[in-house]
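K.L.:
Read off the chains here:
Protein chains: 2
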Amino acid sequence: MADPGKPKLHYFPYSGRAEVLRMAMQYFELDYDEEVVSSQAWVSLKRSGNYEFAHLPMLEIQGKRLVQTSAILRYLCQTNHAYSTSTDQIAQIEAIVELHSDIQEQTLPLMLQDKLTEAKAWYEVHMPEQYFPMIERLLEANGAGQGKYFVGSTVTMADFVMFEFGFDAFQRSQMEDLGVKFAQIAPKFFAFLASFKEQKQSLKRYMSEHNDKPV
Amino acid sequence: MADPGKPKLHYFPYSGRAEVLRMAMQYFELDYDEEVVSSQAWVSLKRSGNYEFAHLPMLEIQGKRLVQTSAILRYLCQTNHAYSTSTDQIAQIEAIVELHSDIQEQTLPLMLQDKLTEAKAWYEVHMPEQYFPMIERLLEANGAGQGKYFVGSTVTMADFVMFEFGFDAFQRSQMEDLGVKFAQIAPKFFAFLASFKEQKQSLKRYMSEHNDKPV
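Note that the protein sequences, when read in sequence, are chains F and U. Just so we're aligned, residue 1 is where the first sequence starts under the working numbering, counting upward by one. Just so we're aligned, residue 1001 is where the second sequence starts under the working numbering, counting upward by one.
None of these hints come from the bench; they were simulated from the model. Check each hint, because a few of them may be wrong.
[Unchecked claim] Below are the DSBU-like pairs computed for lysine-lysine, each with C-alpha atoms no more than 30 Å apart in a straight line:
| id | chain 1 | residue 1 | chain 2 | residue 2 |
| --- | --- | --- | --- | --- |
| 1 | F | LYS204 | F | LYS8 |
| 2 | U | LYS1200 | U | LYS1008 |
| 3 | F | LYS204 | F | LYS188 |
| 4 | F | LYS8 | F | LYS200 |
| 5 | U | LYS1046 | F | LYS148 |
| 6 | F | LYS188 | U | LYS1046 |
| 7 | U | LYS1197 | U | LYS1006 |
| 8 | F | LYS148 | U | LYS1008 |
| 9 | U | LYS1188 | F | LYS64 |
| 10 | U | LYS1064 | U | LYS1006 |
| 11 | F | LYS181 | U | LYS1046 |
| 12 | U | LYS1064 | F | LYS188 |
| 13 | U | LYS1148 | F | LYS46 |
| 14 | F | LYS120 | U | LYS1046 |
| 15 | F | LYS46 | U | LYS1188 |
| 16 | F | LYS115 | F | LYS188 |
| 17 | U | LYS1120 | F | LYS46 |
| 18 | U | LYS1120 | U | LYS1064 |
| 19 | U | LYS1046 | U | LYS1008 |
| 20 | U | LYS1115 | F | LYS115 |
| 21 | F | LYS6 | F | LYS204 |
| 22 | U | LYS1181 | F | LYS46 |
| 23 | U | LYS1200 | U | LYS1006 |
| 24 | U | LYS1188 | U | LYS1064 |
| 25 | U | LYS1148 | F | LYS64 |
| 26 | F | LYS120 | F | LYS64 |
[Stated by the list, open to error] Among chain F residues calculated to face chain U with C-beta under 7 Å, some are:
| id | residue |
| --- | --- |
| 27 | PHE53 |
| 28 | GLN68 |
| 29 | TYR75 |
| 30 | THR79 |
| 31 | THR87 |
| 32 | GLU94 |
| 33 | ALA95 |
| 34 | LEU99 |
| 35 | GLU105 |
| 36 | MET134 |
Glycine included, C-beta positions come from ideal geometry on N, C-alpha and C.
Given the sequences, and given the hints that come with them, work out the whole structure.
P.N.:
This is the structure in structure tokens:
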């Protein structure tokens, strides 16, 4: 029988926007259920009023129904000691979250339409020139993180966002040719990706089992 | 002489992404300077390394140089009692902030290219059907806000985002024909917009002086 206290993640049967939430819950060793919503079912479900803003992912947790990916992730991080109470650190964390949104705004529409070639072309143009130098500088500048964390000396929301991004864009089986090429250009970032997965058995297991999940 | 303690907002000579920061600082009665950056100057300035992520707006404040619009706004709200310490309320505030990002992702590129007709067409299709019902429901559901606040009984980041959105999209002189039409469809939202401006003399004065600022 389903445990009523378990979080339940509602999303489509692919990685998409929900993957960062899955990875964070794995990292936190939070046991959760998934309610897989087919695109077909969603057409009528979205009008049911059960999904605020007619939006997925939605996370049922502790009697609440949270929506909007970053808002859900922020909640998970705040309730699992992976955020900050310092306004200065929060500004750094959130600037990195927004940097990722800027990238995702360009690439997610391509990925969701299975336009992998176009997505790869976008990364080839913009990552080496524009974004990798910023990402390398962030890891370099945060001495306290020793290359393992983007902000401060412990895990934060920024790490989940960057970890999921790196995996999704450059390490999934369909994308790993890019990863091989980019590892030379952004060594600190790829070292971060490798070390982050090793931090938690639960996350490592999840990653190895879901490597070929549909995008 | 410039007061070294005054915040300084760096942005282009138009409303754009910085306007919500200007409005929030007016509301908080924070005295600030502006460093107006021309598009021409930005070409070389963005490579100077003084702007993290090569991004504007940037806010110099208390010895820091904050970037990314929402991260800056969140910092201003957190340091001026306009956020929350409750993770539940934060999730609500941030879901509204993201709802606005979803809209802005579609319209800001049009506005920044001066494609007002296209932006208006987008609003005509999507606001009455899709977004206004959500916005009206949010204001209705938050009894504590009495129609004046989106979350809880005091001002939060969500209110600034929605206020700036409403003004920018439906009340500026170039857009007010839409506002006249939409006021019937979204009476709670337009009542919120009217009452919010009246809360602070400083904001009201700013709004009347900047009604015709370039988009």
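K.L.:
I'd like to know which numbered hints this structure contradicts. Please list them from smallest to largest.
P.N.:
Of the numbered hints, 8, 18, 24, 26 do not hold.
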